[in-house]
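S.K.: Line by line, the protein sequences are chains B and C.
Just so we're aligned: the first sequence equals residues 13 to 233 in our numbering.
Just so we're aligned: the second sequence equals residues 13 to 233 in our numbering.
It is worth saying that the hints were derived from the structure and are not from the lab.
Don't take each hint at face value.
Any copy will do: because identical chains look the same in the list, a pair fits if it lies in one copy or spans two.
[Unchecked claim] Each computed SDA-like pair below joins lysine to any residue, with the alpha-carbon atoms no more than 25 angstroms apart: (1) Lys163 <-> Gln98; (2) Lys193 <-> Glu142; (3) Lys41 <-> Leu84; (4) Lys102 <-> Asp180; (5) Lys193 <-> Gln83; (6) Lys41 <-> Asp204; (7) Lys213 <-> Phe141; (8) Lys102 <-> Gly220; (9) Lys170 <-> Thr82; (10) Lys93 <-> Asp197; (11) Lys163 <-> Ile119; (12) Lys213 <-> Asn113; (13) Lys195 <-> Ile207; (14) Lys231 <-> Ser104; (15) Lys70 <-> Asp197; (16) Lys231 <-> Leu182; (17) Lys68 <-> Ala140; (18) Lys41 <-> Asn219.
Please read these numbers as outputs of a predicted model, since none were measured by experiment.
2 protein chains.
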Amino acid sequence: MSKKIQLGTKILSANEEYAQQNSRLLRDKGKHCLNMISSPGSGKTTILTRTITDLKGKIRIGVIEGDIQTQLDADRIRATKAPVVQINTKGSCHLSAAQVNSALLQIPLDSIDLVIIENVGNLVCPSAFELGEDGKVVVLSVAEGDDKPAKYPAIFSKSKALLINKIDLLPSGAIDFDIDKVKADSRRLNKDIKIFCVSAKTAEGMNGWYDWLIKTVRKSS
Amino acid sequence: MSKKIQLGTKILSANEEYAQQNSRLLRDKGKHCLNMISSPGSGKTTILTRTITDLKGKIRIGVIEGDIQTQLDADRIRATKAPVVQINTKGSCHLSAAQVNSALLQIPLDSIDLVIIENVGNLVCPSAFELGEDGKVVVLSVAEGDDKPAKYPAIFSKSKALLINKIDLLPSGAIDFDIDKVKADSRRLNKDIKIFCVSAKTAEGMNGWYDWLIKTVRKSS
């Protein structure tokens with residue numbers, strides 16, 4: 013016997029409905045929300061831990077951590093004392109708006125200004141699922157190569173900001189990465205994208221990102 | 013009006029059926045096939061171009077290139093004179109067995125010994141779709157961090173070989189990456205996995221990978 017279920021619009025709209033619910037909840041509370049997306053190992057968690065620490069007293073950040081398995085990233089965020097909710101997708105390649113919805117109900121929204129969702133490490137699938145966020149932030153490590161905007165255009169087209177991370181690896185000359193090419197290719201896809209060249213490890217360039225973050229959060233509250 | 017289609021088993025088995033067709037075709041021709049999977053920017057294409065060049069006269073390699081967009085990787089393979097077929101998935105996060113089937117019909121199978129499928133840059137989704145290959149090879153760059161087997165266990169569990177790439181970046185001390193931890197975590201998931209620490213850029217460690225590749229291809233022909 014074959015089972016029949018309704019496909020297409022129904023499945024898509026379930027995610028959309030939750031995304032709209034999340035967006036309403038965040039707007040009602042006057043909270044800003046960013047959805048951070050990158051390949052595995054681009055440095056999202058390191059960017060977040062440094063950002064939370066350096067912006068203490070300026071912006072109160074809460075984190076929703078998306079991972080297929082483990083609590084490793086949530087543990088790193090927890091060490092900064094920021095509120096964090098871990099979602100384990102158990103194999104799924106992206107966060108869904110429904111998962112984010114239940115995380116938003118657990119995170120102490122009244123005591124934070126900004127929710128950052130760290131999506132599953134994947135440069136492809138998460139870009140297709142709206143979570144109710146105000147904007148997406150894409151992270152690209154210089155070790156991944158400068159052809160990524162051309163090869164993975166969706167996420168670069170849809171993001172408000174691009175963080176080019178691990179620039180501390182460039183001076184050794186061991187990595188071929190043309191920052192100007194990445195900037196030009198990203199702006200060809202998305203003329204308004206804000207681009208910050210940073211090292212979350214050494215803190216180089218992080219101030220530009222912090223200024224943008226503070227301005228963006230204040231504008232929305 | 014809502015549309016109804018049959019889901020679940022039907023959709024899964026369409027991929028399975030093509031995978032079985034691919035497997036039969038390869039077996040009938042006596043050709044070995046590997047499915048190479050990694051995050052974006054781990055160095056799959058650089059590994060392939062060096063492998064093809066260094067193994068000239070020993071193994072004749074053909075490549076099926078999976079990318080969301082662009083012919084960039086196929087152009088790099090083509091420069092080695094190896095036969096290559098590019099598949100652009102136009103947004104899809106993994107290759108399907110049906111796409112590989114049509115590529116296998118285009119590639120000159122009779123004049124090669126080994127087909128390497130370079131999957132879409134994604135450490136998650138491609139691991140769930142069998143393509144009819146004899147084995148999977150996972151690539152992890154040291155720049156991605158040593159927590160990846162724990163966080164993305166599926167592909168490490170299913171692969172015959174792991175290439176830890178970009179080891180030329182380690183001596184500078186700019187990257188924290190514990191090779192022994194990655195080896196131990198990978199072997200906990202998959203006791204038989206072969207692990208090679210390589211730099212496709214400098215050629216360091218590539219001979220171990222070549223020896224394994226030659227042995228594996230000869231065994232199957």
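S.K.: Would you list, in rising numerical order, the hints stated earlier that this structure does not obey?
M.R.: 2, 3, 4, 6, 7, 8, 10, 12, 14, 15, 16, 17 and 18
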